[in-house]
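Q: Respectively, the protein sequence lines represent chains A and B.
Numbered by the working numbering, the letters in the first sequence go through residues 2 to 91 in order.
Numbered by the working numbering, the letters in the second sequence go through residues 70 to 567 in order.
FYI, nobody ran anything at the bench for these hints, they're computed from the structure.
C-beta atoms are modelled at their ideal positions from N, C-alpha and C, and glycine is treated no differently.
One or more hints might be untrue.
Claimed, not checked - EDC-like, lysine to aspartate or glutamate: derived pairs with alpha carbons at most 16 Å apart:
| id | chain 1 | residue 1 | chain 2 | residue 2 |
| --- | --- | --- | --- | --- |
| 1 | B | K443 | A | E23 |
| 2 | A | K77 | A | E23 |
| 3 | B | K518 | B | E239 |
| 4 | B | K443 | A | D63 |
| 5 | B | K490 | B | E239 |
| 6 | A | K77 | A | D63 |
| 7 | B | K191 | B | E520 |
| 8 | B | K404 | B | E188 |
| 9 | B | K443 | A | E64 |
Unchecked claim - Footprint (simulated), chain A over chain B, 3 or more residues, beta carbon under 8 Å:
| id | region |
| --- | --- |
| 10 | 344 to 357 |
| 11 | 453 to 460 |
The residues making up each chain are set out below.
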Amino acid sequence: MAVKIQIPTPLRPHAGNLASVEVIAITVGEALGELCKLHPAMEQRLFDNGQLRRFVNIFINDEDMRYLENLATPVKDGDEVAIIPAVAGG
Amino acid sequence: MSFLSRVAEGLGPSKPQQPVEAFTRNDAGATSYPGLPGEIRSVVLTVCPFFISKLKYPPLEKTTNFIAGYCPAYMEERQVSSSFVKGMKCRLCGKLYPVTPVNFCQDDFGPLEIDYDYEGLKGVLTKEKLEARTFNMWRYQELLPIDGEPTVGLHVGGTPLIRADRLAKEIGVKNLWIKNDAVNFPTLSFKDRVVAVALSKAHEFGLKTVGCASTGNLANSVAANAAAAGMQSYIFIPSDLERAKVMGTSVYGANVIKVRGTYDEVNRLCTQVAFKYGWGFVNINLRPFYAEGSKSMGFEIAEQLGWRTPQHVVSPMAGGALVGKVSKAFQELYKIDLLKQEPSTKFYGAQATGCNPISGAVKNGWESHRPVRKPNTICKSLAIGDPADGYFAAKLIRESGGWAEDVTDDEIREGMLLLAKTEGVFAETAGGVTVATARKLVEQGRIPKNEEIVLLITGNGLKTQDSLATQLGEPVTIGTSLDEFVATMENTQEPVLA
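Isolated chain B, as found in the complex (with noise of 0.2 Å):
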């Protein structure tokens, strides 16, 4: 028999401190709480007291074996959730999970995806509350699955959004606005914000190496937050991924692996080496904490628009997670009481046409997306053939009353370049991608003009500079006397400014 003891910690200025009671479980599982594993004689465990009243999550030795044979580091010590995590359920059958690094059900492969105590939250996370911290993804803690202080990532997010009047005028609407999260801290896109959760739980699970598959941004992300917080990395990236990018990982100090083949045989390969070694990658088993990083940017989004909703959302679409997960930042803030009004945001998904699975799904009725087997387009960001949100963004996509578009190669450059020049925000080729598809989406008659709309840009494009390489040609260049400048002038039809 193994007793365990339970210790009311503080649980941060925020949250509800309260007594609870000692309790014993033995091995029989005589309680349902998700406990520790027999094996396991000395332990703290942190809970709150949302969380005792949770009891229909199974104990944690029922799941040992699974998780131990997927993170054995995790399984030396760690603490059992203290936040207002209840725990993890599976989106496909429901089935409830104990707080592990673990991301899909043993029943059916279905992700795996946090649980929150919204009724507990209400009137504990208020918006005067909010409003008195510093504005970064952190001030939402209580919706994010930490036990404790985050430890990784403590400045990430707060990223502005941008009243778009002039890109507004191009593309024919009369209410835009732009999340701009291509000047995130500190690698400057929006997998910052998903890593900063991703690492901060390894480091509360105990894991001490880190690793993610990767089309770029995340690698850099993973590689310069790992070195922040003295984890060592392991990035898998194709082996084609832009120079900016691979030298934004290289210099971290990361260990950087080429792989010759597409990001999804990346993906592929990665979870069979998390399963061999056991590391925390960041979006394969940390992926359920991983993914709620991206709830900030939608929490952000209706804080900035004076807690409410937009009626409409352009997001780029990878691995398809990020359009859900903006969704369920709408959904908790009305769920505790933050908006008035229930969302109804119409949210749309913008896909390369080289890379288009989610895209293809909702544009042809399809249920769930058809892998791309060779994605072919400049922007490798969202080079992912086989997303696994797919089905869940094509899905959200549908009920939601939105839709999705894909855009070529020529007109991701242009909507660079609109952008760029309109709004004088340089993004990466997403960035390109979520512009152009926009428009494309007022032109069919999709978005209406006249409602207002919130384009989501991830990325920034210091990043991807080779993909607008042959679209800007070279500055004039003359000498230092004032006669070749005015010469200049008078052969230039606009002023030129390099």
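Here chain A stands alone, though its shape is the one from the complex (with noise of 0.2 Å):
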């Protein structure tokens, strides 16, 4: 399934400078490590030990992840998926 992947302002100099990328996967944890693979600095942001950062949110089609199924959460043709930083708000 061709997805695509938002990339943070902040972190677009870690993807190429990319806006956004496409990768083709079938979960959500998939489509992240296909992006790794692509921009590795990209890896060691995002994940520690394998595990997603406690301050990074993922959301699909604007749905937050955690509500669905986590990294193994389905994804289809033409989704988008936004990487976001969680320190905001209050």
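Mind assembling these two chains? They're in different frames, but the hints should get you there.
A: What follows is the structure, encoded as structure tokens:
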């Protein structure tokens, strides 16, 4: 499935200065894994020992993946995955 | 090669003024001082001598793209910190950053926090100096992250600390105080403190447009303070907010956007808007500065108690930052020798049962909160299901020896009425949460009955009147004759005072 991953502006230098990266995947976790293969500098920023970092939120078509199936959430063609820093609000 | 000149400027009457040597920096980053990106050629840096000694902060050019992408307006023209601020530090990995409108670490997404030169402040910020200043939040200016004099919210803070003996009797304690930010200026909530700092900092950064994601009180404050400062504001709120809070935002001419979604969804949208437009969102890219404003509540409490800290503080929790910042305030006063005894205050968090991610974490022994997808409570100002500081708030509460609780909507209403009828303080629903939680914690034996307690009242009841509509009923209506009044008195067990 072709999925578009939106890169938060401050992290674009670590993703070839791209606003979004298109990958082929069947789950959110796979999509992020593909992103990290294409842009290895993203790996350490998103993951810590294989776990998504505490202050990283992932949204699939504006829905928080924690309310779906986390990294196992299936994705379909045309889905948009957004990486959003959790340190906001309040 | 770009050369930067540094000019020693007046740092205000309370700050040291010492000559500093001019220095240059080359593009190879010969120094690790937080400098400016190479492409900016003419900028005045205003620097305090303490800041100069702290050469461990990375050069700004290393984070240029990071910052420019987030907040392009900032890159056009601004100063570098001249206060006792050393820089910003990631709360997770400790990575150091120069002062910029960025809220998270580019390595691990951890929150950035302001780092001060406490050694430099010792003996500089004295009780005598503080007490000679006007009683508002800016009397603690050296411990707030702005460079020069504040430009927004000049009259914020200085709210009463009320001895609450009648309420104390009702909840069964002996020594109770209320820090009453329900009368904060200009918009009747503690949010005026954080907004005053955030917008003063936005002004220093050269940001002309500001905004926020809000559950109401912040919306009021950003709109009002931005109006007074001549800034354009964009206020994003959940579409189900109380009418008074919506009107209390629109009246200031703000661009108000109601979003069909929860606060957390509004917040996510605002983060994306901040990335796209580069505005100064007070609780997103300006959040490290914004959150520091809450410390002033703690500074004032300690000073009002005679330069000491209470044994217990009960705080409402939404995003979870307030409780941590009051604690930080106490610790900072001790670090700079304004408190004789090291603070050992126990902190207690108060939430609504309909949205209790942090109290849930504390009570269940979870390391961090588990988000509440659809908050359901009359206390909309605390209805944040995924609090940014949830992890830190739960950690602080546990480590301080405190606890957290949550209360039902009925208990919230009872708390509001109890506070109003015993102390004459009409607090919003969050105040009801705090009072009801305090009472519950006393009943549970979590808070000792004979020790000193401060309740943080953070917003005004005039904004959430609908929550009490069914409790109060209509006043008796009579004609203009004395006979009618006498008849009413005879039919009423207690005098009716509308």
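Q: Each hint: holds or not?
A: The hints, checked one at a time:
no.: 1; hint: B:K443 to A:E23; in the structure: 31 Å, violated
no.: 2; hint: A:K77 to A:E23; in the structure: 12 Å, holds
no.: 3; hint: B:K518 to B:E239; in the structure: 12 Å, holds
no.: 4; hint: B:K443 to A:D63; in the structure: 15 Å, holds
no.: 5; hint: B:K490 to B:E239; in the structure: 11 Å, holds
no.: 6; hint: A:K77 to A:D63; in the structure: 14 Å, holds
no.: 7; hint: B:K191 to B:E520; in the structure: 31 Å, violated
no.: 8; hint: B:K404 to B:E188; in the structure: 8 Å, holds
no.: 9; hint: B:K443 to A:E64; in the structure: 13 Å, holds
no.: 10; hint: 344 to 357; in the structure: holds (count 6)
no.: 11; hint: 453 to 460; in the structure: holds (count 6)
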